[in-house]
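These are the residues of each chain, in order.
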Amino acid sequence: DTGVSQDPRHKITKRGQNVTFRCDPISEHNRLYWYRQTLGQGPEFLTYFQNEAQLEKSRLLSDRFSAERPKGSFSTLEIQRTEQGDSAMYLCASSLEGPHEQYFGPGTRLTVT
Amino acid sequence: QQQVKQSPQSLIVQKGGISIINCAYENTAFDYFPWYQQFPGKGPALLIAIRPDVSEKKEGRFTISFNKSAKQFSLHIMDSQPGDSATYFCALRLTGGGNKLTFGTGTQLKVEL
Numbered sequence: 001d002t003g004v005s006q007d008p009r010h011k012i013t014k015r016g017q018n019v020t021f022r023c024d025p026i027s028e029h030n031r032l033y034w035y036r037q038t039l040g041q042g043p044e045f046l047t048y049f050q051n052e053a054q055l056e057k058s059r060l061l062s063d064r065f066s067a068e069r070p071k072g073s074f075s076t077l078e079i080q081r082t083e084q085g086d087s088a089m090y091l092c093a094s095s096l097e098g099p100h101e102q103y104f105g106p107g108t109r110l111t112v113t
Numbered sequence: 001q002q003q004v005k006q007s008p009q010s011l012i013v014q015k016g017g018i019s020i021i022n023c024a025y026e027n028t029a030f031d032y033f034p035w036y037q038q039f040p041g042k043g044p045a046l047l048i049a050i051r052p053d054v055s056e057k058k059e060g061r062f063t064i065s066f067n068k069s070a071k072q073f074s075l076h077i078m079d080s081q082p083g084d085s086a087t088y089f090c091a092l093r094l095t096g097g098g099n100k101l102t103f104g105t106g107t108q109l110k111v112e113l
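One line per chain: the protein sequences are L and E, in this order. Residues in the first sequence are numbered consecutively from 1, following my numbering. Residues in the second sequence are numbered consecutively from 1, following my numbering.
The reader is advised that the hints may include incorrect statements.
Below are the BS3-like pairs computed for lysine-lysine, each with C-alpha atoms no more than 25 angstroms apart in a straight line [unchecked claim]: (1) E:Lys68 <-> L:Lys11; (2) E:Lys110 <-> E:Lys68; (3) E:Lys15 <-> E:Lys71; (4) L:Lys57 <-> E:Lys15; (5) E:Lys15 <-> E:Lys57; (6) E:Lys57 <-> L:Lys57; (7) E:Lys110 <-> E:Lys100; (8) E:Lys42 <-> E:Lys15; (9) E:Lys110 <-> E:Lys15; (10) L:Lys57 <-> L:Lys11; (11) E:Lys100 <-> L:Lys71; (12) E:Lys5 <-> E:Lys58.
By construction, these hints were calculated from the structure, which means they are not laboratory data.
Using the sequences and the hints, build the whole thing.
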């Protein structure tokens, strides 16, 4: 399977803990996007990378969130000091550079208790 | 602010019927209008997309109708099947916006036998 993969698929954590998610994009895609989806809503853009450069961050991405793509391949999204409001599905997508279709991974569902 | 309004929130259609989902947007600077299908526990999957220089695009049972002057576009699913039961999201891409997508709130479609 050469699609976008995400790990873990589910994460349950206690409030105040740090969590890290990983995304592996489609291998030839140099753009990688993170979105957040809460129950009953559409995905909301968080940030995106072109190769290893983080080109844009949404205002939704508070200081507790950090994303990296160190070698321009996989990416990690870390949430520090998790809050209950962080509970959501975190989706990763990838695309070729330019106006090309985005392909989504299965998501990581985070539950903060 | 909400840049795209999607309706209805939920839809029940009989097998073989036509499902119609509508989206309306405000900003005219969008250049790409995809529809995504999402099954429970999965990431969104690209279904069909249209660019504003055409008024209609058909792929199999799925058709997008686009009205640029009214700033509206819709998804029509012909001969709806139980396997089409899913949540559908319209999305928009801002011209020059780094290919990030703005999604509607989703329509939960149920196709009954």
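Status of each hint after checking the structure:
Between Lys68 (chain E) and Lys11 (chain L) the CA atoms are separated by roughly 42 angstroms; this puts the pair beyond 25 angstroms, and the hint is violated. Pair hint Lys110 (chain E) plus Lys68 (chain E) does not hold up; C-alpha atoms about 29 angstroms apart against a cutoff of 25 angstroms. Between the alpha carbons of Lys15 (chain E) and Lys71 (chain E) the distance comes to roughly 30 angstroms, so the proposed pair goes past 25 angstroms and is violated. Between the alpha carbons of Lys57 (chain L) and Lys15 (chain E) the distance comes to roughly 43 angstroms, so the proposed pair goes past 25 angstroms and is violated.
Between the alpha carbons of Lys15 (chain E) and Lys57 (chain E) the distance comes to roughly 23 angstroms, so the proposed pair stays at or under 25 angstroms and holds. Between Lys57 (chain E) and Lys57 (chain L) the CA atoms are separated by roughly 33 angstroms; this puts the pair beyond 25 angstroms, and the hint is violated. At roughly 29 angstroms between alpha-carbon atoms, Lys110 (chain E) and Lys100 (chain E) are farther apart than 25 angstroms, so this suggested pair is violated. Between the alpha carbons of Lys42 (chain E) and Lys15 (chain E) the distance comes to roughly 24 angstroms, so the proposed pair stays at or under 25 angstroms and holds.
Proximity of Lys110 (chain E) to Lys15 (chain E) is assessed by CA-CA distance (about 9 angstroms); at most 25 angstroms being required, the pair is judged to hold. At most 25 angstroms may separate the alpha-carbon atoms for a hinted pair to count; Lys57 (chain L) and Lys11 (chain L) meet this at roughly 23 angstroms. Restraint check for Lys100 (chain E) and Lys71 (chain L): satisfied, since their Cα atoms lie roughly 21 angstroms apart, inside the 25 angstroms limit. Taking the CA atoms of Lys5 (chain E) and Lys58 (chain E), the gap is near 22 angstroms; set against the 25 angstroms cutoff, the hint holds.
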